[in-house]
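For the protein sequence lines, the chains are A and B, in the order given. The numbers in the numbering used here rise by one with no breaks, and the one at position 391 of the first sequence is 391. Here the numbering used here = 1-based position in the second sequence + 737.
Calculated from the structure, these hints are not laboratory results. Among the hints, erroneous ones may be present.
[As the list claims (entries may be wrong)] Quick list of the computed label-pair ranges, beta carbon to beta carbon:
1) Arg757(B) - Glu411(A): 51 to 59 Å
2) Arg757(B) - Leu472(A): 26 to 34 Å
3) Gly820(B) - Ala226(A): 36 to 44 Å
4) Glu860(B) - Glu129(A): 56 to 64 Å
5) Arg56(A) - Gly806(B): 48 to 56 Å
6) Glu860(B) - Pro416(A): 13 to 21 Å
7) Ala30(A) - Pro755(B): 20 to 28 Å
8) Thr803(B) - Lys682(A): 44 to 52 Å
9) Pro895(B) - Pro416(A): 37 to 45 Å
10) Pro856(B) - Asp659(A): 49 to 57 Å
11) Glu732(A) - Pro755(B): 40 to 48 Å
[To be verified] Counterexamples of contact, computed for chain B against chain A with all Cβ distances above 12 Å:
12) Gln751
13) Gly772
14) Val775
15) Asp805
16) Glu808
17) Thr811
18) Glu893
19) Pro895
Virtual Cβ for every residue (Gly too), placed ideally from N, Cα, C.
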Amino acid sequence: MTSTDTRTSQGIGQSAPRPDGTLKVTGEFAYSSDLWLEDMVWGVTLRSPHPAARIRSIDLGPALAMPGVLAVLTHEDVPGEKHHGLELRDQPVLAVDRVRYQGEPVALVAADHPERARRAAAAIVVDYEVTEAVTDARRAAFDPACPKVGERGNILRHQPVRVGSVFEAPVVVTGEYEVGMQDQAFLGPESGLAVPAEDGGVDLYVATQWLHVDRDQIAPCLGLPAEKVRVSLAGVGGAFGAREDLSMQVHACLLALRTGRPVKMVYNREESFFGHVHRHPAWMRYEHGATRDGRLIYVKAEILLDGGAYCSSSPAVVGNAASLGAGPYEVGNVEIDAYGVYTNNPPCGAMRGFGAVQACFAYESQMDRLAEACGLSPVELRIRNAVSQGSRLITGQLIDSPAPLAGMLAELEAFPLPAASDGDLRELPGGVAQTTHGEGVRRGVGYGVGIKNICFSEGFDDYSTARVRLELAGGEPHVLVHTAAAEVGQGLVTVQAQVARTELGVERVTVAPADTTVGSAGSSSASRQSYVTGGAVKTACEAVRERLAELAAAHPGLTTTALLQRFGPVEETREYRHRPTFPMDPSTGQGDSHTQLALCVHRAVVDVDVELGLVKVVELAAVQDVGKVLNLLALEGQIHGGSAQGLGLALMEEVLVADGRLRNPSFTDYLIPTILDMPPMKVSILENPDPAAPYGLRGAGEPPTLSTTPAVVAAVRAATGRALSRVPIRPEHIALT
Amino acid sequence: MHEITLTVNGVVRQARVPARRLLSDCLRHDLGLTGTHVGCEHGVCGCCTILLDGEPVRSCLTFAVTVDGREITTVEGLAGPDGALSPVQRAFAECHGLQCGFCTPGFLCTATALLRENPAPTEEEVLEGISGNLCRCTGYQNIVKSVHRAAELIAEEP
Ligand code: FES
Ligand code: FES
Chain A
1 MTSTDTRTSQ
11 GIGQSAPRPD
21 GTLKVTGEFA
31 YSSDLWLEDM
41 VWGVTLRSPH
51 PAARIRSIDL
61 GPALAMPGVL
71 AVLTHEDVPG
81 EKHHGLELRD
91 QPVLAVDRVR
101 YQGEPVALVA
111 ADHPERARRA
121 AAAIVVDYEV
131 TEAVTDARRA
141 AFDPACPKVG
151 ERGNILRHQP
161 VRVGSVFEAP
171 VVVTGEYEVG
181 MQDQAFLGPE
191 SGLAVPAEDG
201 GVDLYVATQW
211 LHVDRDQIAP
221 CLGLPAEKVR
231 VSLAGVGGAF
241 GAREDLSMQV
251 HACLLALRTG
261 RPVKMVYNRE
271 ESFFGHVHRH
281 PAWMRYEHGA
291 TRDGRLIYVK
301 AEILLDGGAY
311 CSSSPAVVGN
321 AASLGAGPYE
331 VGNVEIDAYG
341 VYTNNPPCGA
351 MRGFGAVQAC
361 FAYESQMDRL
371 AEACGLSPVE
381 LRIRNAVSQG
391 SRLITGQLID
401 SPAPLAGMLA
411 ELEAFPLPAA
421 SDGDLRELPG
431 GVAQTTHGEG
441 VRRGVGYGVG
451 IKNICFSEGF
461 DDYSTARVRL
471 ELAGGEPHVL
481 VHTAAAEVGQ
491 GLVTVQAQVA
501 RTELGVERVT
511 VAPADTTVGS
521 AGSSSASRQS
531 YVTGGAVKTA
541 CEAVRERLAE
551 LAAAHPGLTT
561 TALLQRFGPV
571 EETREYRHRP
581 TFPMDPSTGQ
591 GDSHTQLALC
601 VHRAVVDVDV
611 ELGLVKVVEL
621 AAVQDVGKVL
631 NLLALEGQIH
641 GGSAQGLGLA
651 LMEEVLVADG
661 RLRNPSFTDY
671 LIPTILDMPP
681 MKVSILENPD
691 PAAPYGLRGA
701 GEPPTLSTTP
711 AVVAAVRAAT
721 GRALSRVPIR
731 PEHIALT
Chain B
738 MHEITLTVNG
748 VVRQARVPAR
758 RLLSDCLRHD
768 LGLTGTHVGC
778 EHGVCGCCTI
788 LLDGEPVRSC
798 LTFAVTVDGR
808 EITTVEGLAG
818 PDGALSPVQR
828 AFAECHGLQC
838 GFCTPGFLCT
848 ATALLRENPA
858 PTEEEVLEGI
868 SGNLCRCTGY
878 QNIVKSVHRA
888 AELIAEEP
């Protein structure tokens with residue numbers, strides 16, 4: 001009871017089952033879209049059809065006259081702040097006098113039936129004066145004649161990295177790379193229920209990634225003090241970054257406060273594509289210089305990220321792209337410029353691996369070109385340049401915990417290769433469509449390496465809060481863990497319970513629903529929750545243990561149960577912070593901007609029908625260092641899922657935008673991998689502890705998403721001989737170029 | 738409006754619905770069975786899969802009036818009458834065949850029908866059998882394991 005040695009069967013390191021697993025297989029788990037109150041009404045959003053326009057007037061009359069309509073709101077009805085935003089409050093709750101992207105919310109309707117609400121929204125007459133849409137990120141950034149998208153200049157952040165002065169080398173490779181706009185494509189749509197409260201405040205039940213930052217944006221818009229806006233987590237159907245920004249939160253609250261009725265809002269799939277940020281598309285120019293034996297001398301890069309109409313988390317995305325822009329390689333001379341740019345394209349923000357994913361595709365493509373130029377194998381070239389503990393990042397930051405990249409690559413390369421196709425036509429590219437009998441099918445193998453910062457960087461005060469209560473329930477010890485940390489599917493509820501079991505030696509642990517009645521847990525993003533909320537639960541448990549030890553010392557001979565019986569529950573609340581980070585120098589990029597770094601390496605084996613341009617990924621293999629395995633099955637699930645999203649970016653996933661307009665906002669046209677696209681995976685997990693982190697763990701959710709994409713593309717290049725400098729690869733890039 | 742009678746999870750239910758009411762909305766809104774999820778509204782994701790007279794069907798592509806008089810099983814009806822999880826449900830929970838779980842009801846219904854038809858499917862048959870359902874979280878590996886594990890559990894049943 002008083003030491004961490006107590007063994008419980010479902011503690012840290014065990015593949016404990018998910019506490020929400022049973023509810024999720026019986027259909028009882030309440031997702032935000034399932035919430036229901038007898039007297040609730042339905043809210044819908046009217047969105048701009050134009051990527052850029054001035055609003056001359058809005059006529060609500062026809063909507064207000066329709067039966068069942070209870071409220072119709074515009075920006076004039078926003079009582080407080082008219083703008084919100086994660087890093088910069090530049091996004092209007094409802095468009096004020098201009099719209100800056102297609103799909104921008106303009107007006108809201110509440111009605112007694114969703115269909116009536118939709119019809120009423122369609123009846124609102126908005127008089128738009130269409131203006132020139134800025135849709136080319138390069139022009140937005142560098143053409144002085146280009147119109148300004150917002151109030152500020154079009155460059156929302158420029159982060160240079162400058163190291164050394166040698167920019168000549170015997171071997172030089174250059175490349176231009178492009179990453180398309182990816183969608184998080186969680187399956188559970190944006191939704192929630194806002195309930196007006198008697199104190200004039202509002203209770204919001206919503207699927208989100210960060211309850212407190214939602215509240216801190218919602219309350220000022222409503223003109224309410226924070227304590228009158230209580231936010232509780234409803235069941236989340238996936239997130240991947242797309243729920244970090246607000247979607248319907250303020251809207252539902254506004255309608256609830258106006259109508260005095262609970263208001264439910266649920267986006268459909270099409271609206272979901274307009275209702276959340278996407279992964280920044282990127283255009284990248286790279287130049288690598290090396291010795292003839294493949295040792296990097298310099299890296300130069302320009303990384304241009306299209307942030308769309310509003311800021312969202314673009315500054316952090318730019319910071320990651322810049323600081324990790326040369327990858328996990330030792331290089332003494334660096335000239336990188338990363339830009340985030342405003343355009344009238346859809347706003348972009350967080351998606352698994354934000355900023356690091358885009359750069360990874362480019363620097364890994366470059367490493368393959370360099371390997372070829374030096375006559376080395378891709379693995380050998382990477383090993384020659386790999387960072388290790390004691391290396392410095394290009395920001396000057398010392399890598400002060402294990403980073404065994406060379407060993408990981410060697411292990412990966414030694415995995416046996418899958419057998420050649422056995423002649424089953426369904427196994428070939430094209431699958432059951434049987435588009436080939438094997439003629440024109442070539443096999444390729446490729447490698448990819450990724451490095452991702454874990455937790456929030458660049459000086460952000462990043463912490464989590466946990467309240468832990470040890471009590472008697474039915475005469476037996478029981479632990480209640482309460483945090484505001486969002487379970488989005490990743491398994492954080494499981495990990496919190498495992499930590500409590502390990503620390504307190506009590507089997508029975510309940511994780512209370514997440515809400516804002518406990519301190520902030522920060523966001524379920526940046527692979528940070530096991531680290532930060534895990535750390536908070538651990539610290540609070542330690543405090544409970546200490547209190548108990550004091551009681552035990554004062555009352556020798558009493559068991560824990562007897563102590564709890566006599567003195568009541570023991571409860572402690574603690575905040576946990578990781579080591580501080582520091583801003584990047586604005587002109588050199590130098591600084592200890594990250595608290596932890598994580599590595600993953602992938603090998604992809606593909607079969608390509610070079611005549612039809614079809615790709616079948618035959619196998620993905622990965623080696624990842626996670627510091628400490630908390631829950632093996634859940635961890636493997638993260639690696640599999642992250643790899644699938646990286647494969648999607650390589651081969652199929654792209655939000656198509658033409659002239660600022662979305663062309664494919666549906667799952668018929670935006671494709672995500674099915675089980676037939678996703679090959680079997682081999683995964684090897686290393687545990688080299690990071691002494692600074694709880695249990696030595698390393699965040700694990702994002703790194704596999706980085707390294708999969710370049711590995712798949714490298715394999716397709718190996719099979720086809722094509723340069724393939726953009727993702728996703730389309731069949732015509734293989735068959736028609 | 739149309740009066741329809743459905744046998745849902747063994748219980749006779751009645752609803753008054755407009756002709757264009759989707760079965761998914763009828764189940765979720767009219768009958769309060771929110772375990773059937775809607776992820777795309779047009780037949781791609783498979784989240785809304787239910788069993789219609791034992792056959793997997795996308796409830797978002799089905800008008801409620803067209804199934805008047807038929808027998809429907811939703812995820813809420815997969816467990817035994819005593820609440821004991823079915824082998825397929827147990828396997829998904831045990832093998833971490835879910836993360837966010839939004840896709841899970843569709844996979845459970847699809848796999849239940851698959852294993853009823855074919856209690857010992859090969860690897861290919863499992864892949865093909867569930868290839869019409871999307872999952873964004875798991876990368877499918879643990880879902881495949883869950884289906885095989887469910888087949889084992891069914892085989893072990895007395
Ligand atoms: S909701 Fe029916 S298939 Fe997606
Ligand atoms: S578990 Fe989230 S979509 Fe499958």
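Here is how each hint holds up against the structure:
{"no.": "1", "hint": "Arg757(B) - Glu411(A): 51 to 59 Å", "result": "57 Å, holds"}
{"no.": "2", "hint": "Arg757(B) - Leu472(A): 26 to 34 Å", "result": "56 Å, violated"}
{"no.": "3", "hint": "Gly820(B) - Ala226(A): 36 to 44 Å", "result": "41 Å, holds"}
{"no.": "4", "hint": "Glu860(B) - Glu129(A): 56 to 64 Å", "result": "60 Å, holds"}
{"no.": "5", "hint": "Arg56(A) - Gly806(B): 48 to 56 Å", "result": "55 Å, holds"}
{"no.": "6", "hint": "Glu860(B) - Pro416(A): 13 to 21 Å", "result": "18 Å, holds"}
{"no.": "7", "hint": "Ala30(A) - Pro755(B): 20 to 28 Å", "result": "26 Å, holds"}
{"no.": "8", "hint": "Thr803(B) - Lys682(A): 44 to 52 Å", "result": "46 Å, holds"}
{"no.": "9", "hint": "Pro895(B) - Pro416(A): 37 to 45 Å", "result": "41 Å, holds"}
{"no.": "10", "hint": "Pro856(B) - Asp659(A): 49 to 57 Å", "result": "54 Å, holds"}
{"no.": "11", "hint": "Glu732(A) - Pro755(B): 40 to 48 Å", "result": "45 Å, holds"}
{"no.": "12", "hint": "Gln751", "result": "19 Å, holds"}
{"no.": "13", "hint": "Gly772", "result": "2 Å, violated"}
{"no.": "14", "hint": "Val775", "result": "7 Å, violated"}
{"no.": "15", "hint": "Asp805", "result": "22 Å, holds"}
{"no.": "16", "hint": "Glu808", "result": "18 Å, holds"}
{"no.": "17", "hint": "Thr811", "result": "7 Å, violated"}
{"no.": "18", "hint": "Glu893", "result": "18 Å, holds"}
{"no.": "19", "hint": "Pro895", "result": "22 Å, holds"}
Hint check: violations occur at hints 2, 13, 14, 17; the rest are consistent with the structure.
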